[in-house]
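S.K.: Could you build the full structure based on these sequences and the hints that come with them?
So the sequences go chain by chain: Z and R.
Mapping of the first sequence onto the numbering used here: position 35 corresponds to residue 23, and the numbering continues sequentially without gaps.
Mapping of the second sequence onto the numbering used here: position 63 corresponds to residue 69, and the numbering continues sequentially without gaps.
Treat each hint with caution, since some may be false.
Covered, in the sense of this in silico footprint (three residues per stretch, anywhere, with C-beta under 8 Å from a C-beta of chain R), are these stretches of chain Z [claimed, not checked]:
| id | stretch |
| --- | --- |
| 1 | 140 to 150 |
| 2 | 331 to 342 |
| 3 | 434 to 446 |
| 4 | 453 to 460 |
Just so you know, these hints were derived from the structure itself, not from any lab.
Virtual Cβ for every residue (Gly too), placed ideally from N, Cα, C.
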Amino acid sequence: MSDETPKPDELFGKIDYRTPAKGWMDTPVNIRKGMYCYASNPKSVKNLGLPNARAWNPLEDDWKLPENWQQILHEGFKERLDKFRSIKIFMDICVRCGACADKCHFFIGTGDPKNMPVLRAELLRSIYRNDFTPTGKIFGRLAGARPMTLEVLKEWWYYLFQCSECRRCSVYCPYGIDTAEITIFGRELLNLIGLNIDWIATPVSNCYNTGNHLGIQPHAFKDMLNFFVEDIEEITGIHVEPQYNKKGADILFITPSGDVFADPGTYTCMGYMLLFHYLKEKYGLDVTWSTYASEGGNFGFFTSHETMKRLNAKMYNEARRLGVKWILGGECGHMWRVISQYMDTMNGPADFLETPVNPITGTRFENAASTKMVHIAEFTADLIRHGKLELDPGRNDNKIISFHDSCNPSRGMGMFDEPRYVIKNVANNFYDMPANTIREQTFCCGSGSGLNAGEDMELRMAGGLPRANAVKHVHETYGVNMLACVCAIDRAALPTSMEYWVPDVDVTGVHELVANALILPGEQDRTTDLRGEPLPGMEDADEG
Amino acid sequence: MRTISRGGGRNAQMNFKKKISQHKETIAKKWFELIINSYPAETARFLKTRNDPFANPVGMSTRQSLEVLIDCLTDQIDQTGQDKARSALDTILRIRAIQDFTPAQAIRFVFDVKQVIRQTLSVEHSDSQTVKEMAALDRQVDELGLLGFDIYMKCREKIYDLKANEIKSRIYKAFSRAGIIKESLDDV
Ligand code: SF4
Ligand code: SF4
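M.R.: Right, dumping it as structure tokens:
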């Protein structure tokens, strides 16, 4: 009977499972659908005054590059080696020890060796050696150098947009090489010849024109918040009155527009509004929203240092225009990296503002002495610590919560404990994920740095796998059903990742939880949470 | 031709399956090697050697799931067994469905276990009864493979669903709740 069945050894001998073992330089780039984002819309590129605005398609051979693109890149490289000492050092000192190699969520999830941080950096380093080092010039490939070709350029573009600039790799590098910085630098070079993606270019252009990534105009921004006012009134019986563009207010509040326009961020936004109302009623806190600086996020950061600076400047200009004392920032990720690592030398110091002091507790935020901007998780943690909030954590009892440390607030500004402290005070069920997946070792959501488009879903799911895997563990072990975070991209990206990997887990902002627990003076008997779902024990309240 | 009594058949089947169970570790190891070698060499090395389930979720969950699948081949075929098989296949295929594999490359690992078992238990050199049992097992593996196709397709459909509906379910929903939906969503 087994005549047709090949002998096992025969069969094993024949199967070629592996991609042929070639050196990475000889493995040509294969631009695969689902792994890249669409090219930028020329209208957006033009609007920003960035070079080489034209329609182009990454899958076509001709990328419609300027004739002298190699020269532009070479000169751009040279200029930045002089300008950014960190880049020069990162180009020189890697000993290829491999400690970072398996730490990238995109490598872990895609299994593509070129997503090892060391190889990602090597894409640029090989050109650096060729163009700027004597050994590279003389020994060429022997010294790990290669000339810039169209193939190499395509590889740059493909893999620099498969890095979410999360910095996880840098935590493990004995030399502190930050591959995120290398990606940031590489993307800036690509922008010199018009190679951006639309998910970044168009939000940046929108933000440049109207103050937020979605291009929502001031009146619509206000309409949206007013709609939340109605919702809040229905749920709590309390009429909140947010202040807009108020000159002379104490504090300007800026949050990512995702909180205003996209679920489930909208519930976090309602959370801020309830908190501000509570603090105004009880302690006279004077906070204003701005319909012009209506974006905390900064996709300019994913384009170039210059565009990041332009978008960041508008927040400070608005603070100056309104004459506030300091700025309170919402639950955002990369906005905090921009503030705590770049703002000060880019647009700061913001001397026209005051060092932030919590008017209710008297706490002086020395960490924000120069940037004048405080994260709302720090602010709320401080209020709780001083017993200034009346809370009923039982209202969150149907939520078994874990916390996802967003890359930027954790690795970019060192905020680990404040959000956890807040959650543990407003809810009773909290379980952390395993140690090597949280705090400074946290895994990216998989969609950071402007990669949260729809067309690159395979990439996002692969990048989100290590995070989701840890969520799955706490879901199966402790019954976790809610993943909290302090970042708007997380709130946009994690629900999708959960839907694919761990469908029983939902996503929330921390201030949604805060507002659920907050006991407002004069509130009606609350039967639902901010999402309109029954509070624990109120499941039958409707039928009464 | 010899006839085998029904009772003897069941016995032989039990023995054959018992043999598989006894060699489970070797079979799992070889099977794992095969699936892992569908990745580039550097990746395969990592997937094989890193034993922390959170640092190496692909390698570790694949290894674990293969062990479950071997159990499913040898255990009673009942509802629990089927659920276990489905969940183990889902774990592996959900990952492979988003990686750089064609559908055939993603699923072929299921069928590979036939050769692994043949080789490990030297089936070709065994008595005709064992050969017969192996043929029955082949059919069982084929069933697993077919189930795998269903699961793989479901994962792909989910990906397309997410691609098409993510924006709608996050932004459109918020806008429509607020009644300001007329703005051009194309620009979002
Ligand atoms: S850990 Fe640092 S030195 Fe080692 S390979 Fe990675 S970047 Fe280079
Ligand atoms: S910064 Fe993050 S995404 Fe980029 S290479 Fe390092 S670990 Fe990977």
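S.K.: Each hint should be assessed against the structure and marked as holding or not.
M.R.: Hint-by-hint comparison with the structure:
1. 140 to 150: violated (count 0)
2. 331 to 342: violated (count 0)
3. 434 to 446: holds (count 4)
4. 453 to 460: Since three or more residues must qualify, the claim that chain R covers the stretch 453 to 460 of chain Z holds, with 4 doing so at under 8 Å.
Checked against the numbered hints above, the structure violates hints 1, 2; every other hint is satisfied.
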